[in-house]
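Visitor: From first to last, the protein sequence lines are chains A and B.
The numbering of the first sequence is this note's numbering, which starts it at 81 and goes up by one.
The numbering of the second sequence is this note's numbering, which starts it at 81 and goes up by one.
Any given hint might turn out to be false.
As the list claims (entries may be wrong) - With a straight-line cut-off of 30 Å between C-alpha atoms, the simulated DSS-like cross-links for lysine-lysine are: (1) 89(B) x 89(A); (2) 89(A) x 212(B); (3) 212(A) x 127(A).
As the list claims (entries may be wrong) - Some chain B residues well away from chain A (every beta-carbon gap over 10 Å; in silico): (4) 86; (5) 119; (6) 122; (7) 137; (8) 155; (9) 189; (10) 204; (11) 207; (12) 253.
Unchecked claim - Residues from chain A shown here face chain B by an in silico Cβ test under 10 Å; the list is partial: (13) 116; (14) 143; (15) 163; (16) 261.
Don't read these hints as lab results, they were simulated from the structure.
Ideal placement from N, C-alpha and C gives every residue a C-beta, glycine not left out.
Protein chains: 2
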Amino acid sequence: MLTPVPLDKAYRLLNHGPVVLVSSAHGEARNVMAAAWAMPIDFSPPKVAVVVDARSYTRELIEASGEFALNIPCRQQVGSVLKAGTASGRDTNKFTHTGFSVRAGSRIAAPLIEGCVGWLECRVIDEPHIQKQYDLFVGEVVAAEADDRVFREGHWDMADDDLRTLHYLSGGTFFTTGDAITIASD
Amino acid sequence: MLTPVPLDKAYRLLNHGPVVLVSSAHGEARNVMAAAWAMPIDFSPPKVAVVVDARSYTRELIEASGEFALNIPCRQQVGSVLKAGTASGRDTNKFTHTGFSVRAGSRIAAPLIEGCVGWLECRVIDEPHIQKQYDLFVGEVVAAEADDRVFREGHWDMADDDLRTLHYLSGGTFFTTGDAITIASD
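One chain only, chain A, in its complex shape:
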């Protein structure tokens, strides 16, 4: 079941550094790409930073729409995640290519990727210098949801191996998110 994530807990979807799928739309055009370089940068209001290459089709759609979604995929999607990261939406219908189906977001027009375990709908905070200099986009998270099989009441619980989140290394190699350890603070 999809469950809304309160905005002040939204950073927790991304805090452990998973790979994300960046989805975007403008008019009839839409796309999805994989990105390892995304992270939270603020708690409340929640903000994220993500690197989107200047030559990518996603970049064009984000700049035209001022919006993007970060979708957090899981282990059972790993083949499609790699495909989303290695083809370009200029040449290929990435949704056909990856097999991803989509649903509508609640606050933005970018489509959300089904089968993921977390979703962050973001509006770009315009920062022209770092966009140009570092391909770095800042977004404010305006809505967040999670799959309550793995994220409930602000906490991940990845008991099902197929639903573990992914961390990208290089060359088609990913890590899954491993065991949880909780340390009592002094």
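Could you slot chain B onto chain A? The hints should help.
Guide: Relative to chain A, chain B alone:
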């Protein structure tokens, strides 16, 4: 054994989103803090982005010195990593508090934390607006090393559970880096 990591492979130490220890020094002063919000933003020359709170002692030392190191800790250090993230260097000698011992870096004055499995020595690229607005620092990686028990020839191999890297969630809970999966690209 410590092994140098070629600069064009340095991003791979951080690509999977592990928690880092940010170490810094200025004159006789030095400090270490934990940070979940760090990521690569470029391959070559390698650059990183990291969020460092405006009120932190680390921030003061980074701004004074123009340098910081990102140290990548492992599972056997998890208790000390949490301590590094919950005390302030203004009130506490963080090295005594955490038990971390240090060694000298090769290119910068910030100390490197022993027992970690990867190290990125960074020089700040001054970006006053995003430092002030988002507490976001950009650094160029000027040297990188890894523990060759877990990172060799540009690839992680975390066969030893104690040496797995860590991903921070919240409230004293970490994930370890889990199993690797390699997908053949089409």
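Visitor: When the structure is checked against the list of hints, which entries are broken? Sort them ascending.
Guide: 1, 5, 6, 8, 11, 12 and 14
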